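Mind docking chain C with the ligands on chain W? Use the hints.
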Amino acid sequence: MGAPRSYQTQALIIGQFKLGEVDKIVTIYTPEFGKLKAVAKGAYRPGSKLGGNVELLTHSLMMLARGRNLDIVTQSQTIDAFTELKGDLWRMACGLYVLELVDSFTVENDEDRPLFDLLLDALRWLSQSDHSEIVLRYFELQVLNYVGYRPELYRCAVCGSPVKPVVNFFSSDRGGVLCPRCGQKDALSSAISVDALKILRLWQSCDYATARRVVLRRGLALELEQVTCQYINYLLQREVKSMAWLHELRRSQMVVDNGRARN
Amino acid sequence: MVFVAEPVARLVEALSKLPGIGPKSAHRLTYHILDSPDEEARALAEAIVALKEKIRLCSTCFNVTDCDPCVICRDSERDSSRVCVVERPSDIVPLERTGKYKGLYHVLHGSISPAQGIGSEQLKVRELLTRLENGAVKEVILATNPNLEGEATAMYLRRVVTSPDIRVSRLARGLPFGAELEYADDMTLSQAIEGRQEF
Ligand SMILES: [Zn+2]
Ligand SMILES: [Zn+2]
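These protein sequence lines map, in sequence, to chains W and C.
When the letters of the first sequence are read in order and numbered with this note's numbering, they come out as residues 1 to 263.
When the letters of the second sequence are read in order and numbered with this note's numbering, they come out as residues 1001 to 1199.
If we strip away everything but chain W, and leave its shape as in the complex, we get (with noise of 0.2 Å):
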């Protein structure tokens, strides 16, 4: 008995490109198969069947046959489109980070429901709510929870002694915080004030309801957004790409507002 050949899934649409003139290569995060690449065929045809149905951050459900080398995508329908990330430059940017994170630290055929739930579960609130630092931070320490590679919070991971709440160092190759005098020997580690340690820690193990409680100041936005990115980007062993473009948006908001200010 050989294995169907094709089967039905939810699917969020976490990457794409293009395959020849109209073909497109949609890579999907599903429930069942964890991350899967498949061809939608004439996808970017004018009036495709499939077209904004598989379009990025978009979670459909798929009917996909079974094919030599690539699964093909027969039929998509749309379960949630995400218009409010699509609709909004920033909030899409964001969107698209989650994507590519998830696309990054994840390989093929491995199953991760809970990792399918937090992605459907950032995007929503990415679409919901304002606080999009927050979701992002957040998704990134639980993302890190679920590949393994958990960053240590608690005791030094140079001596192991207990980390207080004075102003610490983290080190992305040690994976965690060091106390300050290990950190002062470590020329890689950078600075972690005691407030951005604690919410780091908050966030590694509460509910989101809970995280997004915590109130940001700018500053402190911008040392959290570092500390995790630097540890990304290390694991990864190289940028996530679509960080780039926040950047770049935040610049050009920056230069916008005032443009307003001066007129």
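Don't read these hints as lab results, they were simulated from the structure.
Take the hints with a grain of salt, since some may be wrong.
As the list claims (entries may be wrong) - Some chain C residues near chain W, calculated using beta-carbon distances under 10 Å:
(1) Ser-1113
(2) Gln-1116
(3) Gly-1117
(4) Ile-1118
(5) Val-1160
(6) Pro-1176
(7) Asp-1185
None of the values given here were measured: they were computed from a predicted structure.
Even for Gly, the Cβ is constructed at its ideal location relative to N, Cα and C.
Just chain C with the ligands now, kept in the frame of chain W:
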């Protein structure tokens, strides 16, 4: 093993790199060229070389051209107060074919795709903003593709074209001709409802 003369194999390989041409078509084309008169084959080869040697980008609109400024930019009959922004040089052709548009163009050479590392700096965005500085342009028409990257690009341009004297418009979006309502995706349908017109 099947013997194929080296020049044949070389052309087959080169042709099969072209979009939409598989190994079979490449073979067919190769033998067709082999059978055709010498002067035809030479004309084809020369056309390809000339394409790469003589074609460059218009320094105003960044369309591909063999003269600078390009024929559209230098045409005094065209309405220079309108600039239509497209992703690719090839997008100009269908727009021109409609005969409905008499303004100028600006080619971005791509669209914003964060996961591919393409932001505004990789596109001809700064060049567009510089072009708008002298105040001659009164309308910018955003004709980027109606997909995620095209939308991101349009929204970004909407944000950075800040002059109150410039009207920014976007090509109407909605249902493609020949499509069926039942199969339209949510994004297209909601845009079609929002953008509905008097009938
Ligand atoms: Zn220590
Ligand atoms: Zn030109």
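Now for the hints, and whether the structure bears them out:
{"no.": "1", "hint": "Ser-1113", "in the structure": "holds, 9 Å"}
{"no.": "2", "hint": "Gln-1116", "in the structure": "holds, 7 Å"}
{"no.": "3", "hint": "Gly-1117", "in the structure": "holds, 4 Å"}
{"no.": "4", "hint": "Ile-1118", "in the structure": "holds, 8 Å"}
{"no.": "5", "hint": "Val-1160", "in the structure": "holds, 6 Å"}
{"no.": "6", "hint": "Pro-1176", "in the structure": "holds, 4 Å"}
{"no.": "7", "hint": "Asp-1185", "in the structure": "holds, 3 Å"}
Going through the hint list in order, the structure satisfies each hint without exception.
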